Every structure is written in structure tokens, then in C-alpha cells.
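Peer 1: Protein chains in written order, with numbering that gives the first Met the number 0: chain A, 0 to 128; chain B, 0 to 128; chain C, 0 to 128.
These aren't lab readings, by the way, just hints derived from the structure by calculation.
Any given hint could turn out to be false.
Treat identical chains as interchangeable: a pair holds within one or across any two.
Mimicking PhoX-like on lysine-lysine, the simulated pairs with C-alpha atoms at most 25 Å apart in a straight line are [what the hints assert, rightly or not]:
(1) Lys76 with Lys57
(2) Lys76 with Lys116
(3) Lys57 with Lys116
(4) Lys88 with Lys76
Predicted, not measured: the structure shown is a model, and the values here were computed from it.
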Amino acid sequence: MPHFHIEYSANLEEVVDVGALCEAIRAEAVQIDAFPLAGVRVRATRVDHYAIADGNAKHGFIDLSIRLREGRSQDVKSDSITRIFATLKSFMSEALGTHSIALSAEIRDIDASLSPKFGTIRDHLETPS
Amino acid sequence: MPHFHIEYSANLEEVVDVGALCEAIRAEAVQIDAFPLAGVRVRATRVDHYAIADGNAKHGFIDLSIRLREGRSQDVKSDSITRIFATLKSFMSEALGTHSIALSAEIRDIDASLSPKFGTIRDHLETPS
Amino acid sequence: MPHFHIEYSANLEEVVDVGALCEAIRAEAVQIDAFPLAGVRVRATRVDHYAIADGNAKHGFIDLSIRLREGRSQDVKSDSITRIFATLKSFMSEALGTHSIALSAEIRDIDASLSPKFGTIRDHLETPS
């Protein structure tokens, strides 16, 4: 943990560099105490089929869901989502000026007693954290 | 908000017009008070790897998850999911007669205090809502 | 229900047989009382855009989310996720020895009153369950 899931409509593929967006969110997330570096996993899935608002094909969206191991206070989560969302909004500012795009985000808790994890990423970090 | 996420097994690609299914769900959703038009985002993701029930490759599924900003009563949510699921079932009725398919749906709340949003879709609606 | 959602980074495509992983998890799941056979749906989505930990492209992940109709005790859920995660870990043991990979899993409840379902899979099982 934490997990960052982005879904975006396929019509934004040429408007947004989604790989760079993942990297921008990662870079911001690892500077936030609530998100331990070795656990940060940002990913984005393109959706090819979608229907938005009044159904006009020009609309697009980027939706970010964050799953975080329970235990952080509401304030910490609120500050964290505010910073991450600001990163998303800033990354999208040019596109928002010219396109019909909806941005959204949420954080939800993961039940700590029902979320096993295991991995080797810590062994492969340049600077162990 | 609200978000409608469909996942479907790849073996239904030739059985179902998934773009038309997204549109059918959108068209029904925007007529339901609980779902503000400008916020409706229906999307579908095909899953290429799957294993269902007894593992027979003929089985398929369509699974719909709805995420809705908290605040609607249980009754409103129950009525809403009933209508949306009826749309899904009706859209699939012919395929259900000839194929092994599981349909499912759920609604869950989004924590309103942890779900920022921003966008330009309202500026691009033909009839502002 | 239950639903098993796997997301995996694209750089594991050549390291892991994801179809076989879905089948391994399905085969284990149907032996667990909490997971009724006809309802088991395991699927995996490859994510092409991702950014992990310190951003090094060599890192990868497999993340498994299970959605289960509410009503099982915490103990039952804990035992279930432990068995499923052990299957995942065992399936990945060779890859974990040579690659930087994070494995994770979680279970969360589905609100039974807001999750309609319908289907024909039971009619197509070789041995009806």
C-alpha cells in the first residue's frame, strides 16, 4: 500500500501523456508521509468504451482512486488527497482549457487485517527506505 | 460522481456491443435523480485473462460497480441499482438465452470529504444542467 | 459473488503466465467454503502505464482485490485471504527470487442489499452446484 488507480477515457490518449501523469503522481506521493515510498504503486488503465454526461463523444475523464491501509487520521487523508489532486489538476491545466474533461479522486481505507502483502521491491531500491 | 465501472470477459466481445451497453446505462442513469447528469461516467474494461466457476472457458461475466457520493438514502440507492440492473439485464436478455453469463452489480459510497473533483464538462453540455 | 480482481504491471507479462495465475486462484477459491463455486470470477487486467516506489522501471506488482457478499465472519475472511494469498505467493515464488515485485491483496464486503445478480452459469455447469 498505497495503491493509486487511474482510469481515463481513450479520447484523452492524444491529449495527455499518461505515463508522465503516473510519474508526476508518484513523485508527489513519495513526498507525503502517509505514503511509504516502497509501497507506492501508481497505475493507469485506458477505457475504450465509455458514455459520459449527455453522451457527447467529446467528453473525457480521468478518475483516480487511492486505496490506503487504514490507520491514518481524516486530516492526514484529507491533506494527502488535496496534494495529490492538485498535482493531477496542475498536470491537466492546459488540456482543461481546451477540452471537456472531468477530473475526480477519492481515498478509501483498506482493512489492515485482511490485506496481506509480500515483495522484493525494498531489496531493489537504490536507497533503501 | 457517479462512476459506473463495467468489467466483462473477453469472450463476450462478439456477443455484446459493449459501447451500446455503456450508452444504454448512461441513458437510464441520467433519468435517475440520484445521478446528476454532468457527473455520469460509464465505462467498460475488457478482461483478457479470467477463470470462472468450474473453469469452463464458455462462461462469461459482466460486472458493474457504481461509486456514488455519500448522502443518498438506502431506499434511493436500492431503487437506483434496481433500475440500472434492469437495464443491464434487458440489454443482455438475448445473450442470456444462449450463453453462460453471470451478471452482477453493486453500489458503494464515496467519502464526500475525501473526493475532490474538478472539470469542464458543464461548459461543454449542449443544454447546461 | 465473489469477485477476484488482479491488476499487474505490463513488465510482468513475460515473467508470469497470467492466465495460469487466474486458474490457480480459481482452483484454490472453489475449495474454500466462503466462495460458492458458481459465483467465482477471477480476472486480471494488465496496466500499461505505471510508476512504482522510487520510479525505477524494473519494479513490478500484482495486486489482488476480492469483493465478497457481506455476512462472512472476520475469521472466515481472514482464513480465506490467507489461503488465496498463499496461492499467489507460491505461484510467484520463482519470479520473486529474480525480480523486484510487490504482491498485495485485500478483501472487502459488498453491501448485500445493493448488489443484484442474475445469470445462467449454473445451467451450464457440468456438475450443478
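Peer 1: Going through the numbered hints above, which ones does this structure break? Give me the numbers in ascending order.
Peer 2: 1
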